[in-house]
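S.K.: Here are the chains, one letter per residue:
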Amino acid sequence: QKEVEQNSGPLSVPEGAIASLNCTYSDRGSQSFFWYRQYSGKSPELIMSIYSNGDKEDGRFTAQLNKASQYVSLLIRDSQPSDSATYLCAASKAAGNKLTFGGGTRVLVKP
Amino acid sequence: DGGITQSPKYLFRKEGQNVTLSCEQNLNHDAMYWYRQDPGQGLRLIYYSQIVNDFQKGDIAEGYSVSREKKESFPLTVTSAQKNPTAFYLCASSSRVTSSTDTQYFGPGTRLTVL
Numbered sequence: 001q002k003e004v005e006q007n008s009g010p011l012s013v014p015e016g017a018i019a020s021l022n023c024t025y026s027d028r029g030s031q032s033f034f035w036y037r038q039y040s041g042k043s044p045e046l047i048m049s050i051y052s053n054g055d056k057e058d059g060r061f062t063a064q065l066n067k068a069s070q071y072v073s074l075l076i077r078d079s080q081p082s083d084s085a086t087y088l089c090a091a092s093k094a095a096g097n098k099l100t101f102g103g104g105t106r107v108l109v110k111p
Numbered sequence: 112d113g114g115i116t117q118s119p120k121y122l123f124r125k126e127g128q129n130v131t132l133s134c135e136q137n138l139n140h141d142a143m144y145w146y147r148q149d150p151g152q153g154l155r156l157i158y159y160s161q162i163v164n165d166f167q168k169g170d171i172a173e174g175y176s177v178s179r180e181k182k183e184s185f186p187l188t189v190t191s192a193q194k195n196p197t198a199f200y201l202c203a204s205s206s207r208v209t210s211s212t213d214t215q216y217f218g219p220g221t222r223l224t225v226l
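Here the protein sequences come in this chain order: S and C.
Residues in the first sequence are numbered consecutively from 1, following the working numbering.
Residues in the second sequence are numbered consecutively from 112, following the working numbering.
There may be inaccurate statements among the hints.
As the list claims (entries may be wrong) - Label pairs and their in silico Cβ distance ranges: (1) C/LYS194 <-> S/SER26: 37 to 47 Å; (2) C/ALA192 <-> S/SER8: 25 to 35 Å; (3) C/ALA172 <-> S/LEU46: 17 to 27 Å; (4) C/GLN128 <-> S/ASN22: 22 to 32 Å; (5) S/SER20 <-> C/GLN167: 30 to 40 Å; (6) S/LEU46 <-> C/SER133: 14 to 24 Å; (7) C/ASN129 <-> S/GLY54: 26 to 36 Å; (8) C/GLU126 <-> S/SER52: 25 to 35 Å; (9) S/ASP78 <-> C/SER133: 18 to 28 Å; (10) S/TYR51 <-> C/LEU226: 36 to 46 Å; (11) S/ILE18 <-> C/GLU126: 26 to 36 Å; (12) C/LYS194 <-> S/TYR39: 47 to 57 Å; (13) S/TYR51 <-> C/LYS125: 21 to 31 Å.
What the hints assert, rightly or not - Here are the simulated DSS-like pairs of lysine-lysine, each with C-alpha atoms no more than 27 Å apart in a straight line: (14) S/LYS110 <-> C/LYS194; (15) S/LYS56 <-> C/LYS181; (16) C/LYS168 <-> S/LYS56; (17) C/LYS182 <-> S/LYS98; (18) S/LYS42 <-> S/LYS67; (19) C/LYS182 <-> C/LYS125; (20) S/LYS110 <-> S/LYS42; (21) C/LYS194 <-> C/LYS168; (22) C/LYS168 <-> C/LYS125; (23) S/LYS2 <-> S/LYS110; (24) S/LYS98 <-> C/LYS125; (25) C/LYS120 <-> S/LYS2; (26) C/LYS168 <-> C/LYS120; (27) S/LYS2 <-> S/LYS93; (28) S/LYS98 <-> S/LYS42; (29) C/LYS194 <-> C/LYS125; (30) S/LYS67 <-> S/LYS56; (31) S/LYS93 <-> S/LYS56; (32) S/LYS98 <-> C/LYS181; (33) C/LYS168 <-> S/LYS2; (34) C/LYS168 <-> C/LYS181; (35) S/LYS110 <-> S/LYS67; (36) C/LYS182 <-> S/LYS110; (37) C/LYS181 <-> C/LYS120; (38) C/LYS125 <-> S/LYS93; (39) C/LYS120 <-> C/LYS182; (40) S/LYS56 <-> S/LYS98.
Think of the hints as simulated: they come from the structure by calculation, not from any bench.
On a predicted model such as this, the values are computed, not experimentally measured, just so you know.
Think of the CB as a built atom: it goes at the ideal place given N, C-alpha and C, for glycine as much as any other residue.
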């Protein structure tokens, strides 16, 4: 079992709709969670970080964390073609700030 | 203009050659990291360094070596012992060493191809 798992997709979403991405993790010692967006051929860029149970909103993005169920999700509202990318979920433990990445979910937003 | 730079952008290696990938940051970050990404996959940690003159192996360190002689520089050498080095290599840095909440920022990457 991988430590951080994501559905590889592609997740096809009409323009203007909500894209919902899920991520599960196996290590209960994981404390912090990060969502990165990666365009093809480019490096990852941070979208959201979340450390506490519940929701965290930033613009069109909402991250949700449920430590009891060991999952993290990312919602993208009003999806735009420019949101088409691979979204990477990452987890870190309490010390050392080592990140463990999932395989990524590819999102395609169709006009 | 602060950030992380990696060079070269593209690198071609012949069988049996060692090659060195450069990573420099001017963010005054303490921690630096090297990741490898294979097509369609996530990132895997090769090495990381939390302080000058010290570094630790990540999950896939075999066939790689690093040095951290200066705070701003963390070069990665891909040795001939690495059997399948073709991949996208990403360098990252973060400001604090012991916090799990600190964000890692990535350089633009180096794409290495074995001929």
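S.K.: Does the alpha-carbon distance linking C/LYS168 and C/LYS120 stay inside the 27 Å limit?
M.R.: This hinted pair holds, its Cα atoms lying about 24 Å apart.
S.K.: Measuring from beta carbon to beta carbon, are S/ILE18 and C/GLU126 in 26 to 36 Å?
M.R.: Violated: the Cβ-Cβ distance is about 49 Å, outside 26 to 36 Å.
S.K.: Using the beta carbons of C/ALA172 and S/LEU46, state whether their distance is inside 17 to 27 Å or not.
M.R.: 25 Å, holds
S.K.: Is the hinted pair C/LYS168 and C/LYS181 satisfied, with a Cα-Cα distance of at most 27 Å?
M.R.: Roughly 18 Å between the alpha carbons, so the hint for C/LYS168 and C/LYS181 holds.
S.K.: Does S/LYS2 pair with S/LYS110 here, judged by a C-alpha cut-off of 27 Å?
M.R.: This hinted pair is violated, its Cα atoms lying about 31 Å apart.
S.K.: Is S/LYS98 within 27 Å of C/LYS181, Cα to Cα?
M.R.: Since the Cα atoms of S/LYS98 and C/LYS181 sit roughly 21 Å apart, the hinted pair holds (cutoff 27 Å).
S.K.: Is the straight-line distance between the alpha-carbon of C/LYS182 and that of S/LYS98 27 Å or less?
M.R.: Answer holds: C/LYS182 to S/LYS98 is near 18 Å, not above 27 Å.
S.K.: 37 to 47 Å was suggested as the range; check whether the CB atoms of C/LYS194 and S/SER26 agree with it.
M.R.: 28 Å, violated
S.K.: Check the following: the C-beta atoms of S/LEU46 and C/SER133 are separated by a distance inside 14 to 24 Å.
M.R.: 23 Å, holds
S.K.: Within 25 to 35 Å or not, the Cβ separation of C/ALA192 and S/SER8?
M.R.: 31 Å, holds
S.K.: Are S/SER20 and C/GLN167 spaced within 30 to 40 Å by their CB atoms?
M.R.: The hinted range 30 to 40 Å holds for S/SER20 and C/GLN167, with Cβ atoms some 36 Å apart.
S.K.: Taken at face value, is the distance from the CA of S/LYS2 to the CA of C/LYS120 at most 27 Å?
M.R.: 30 Å, violated
The structure fails to meet hints 1, 4, 7, 8, 9, 11, 12, 13, 14, 15, 16, 18, 19, 23, 24, 25, 35, 36 and 38 from the earlier list, while all remaining hints are met.
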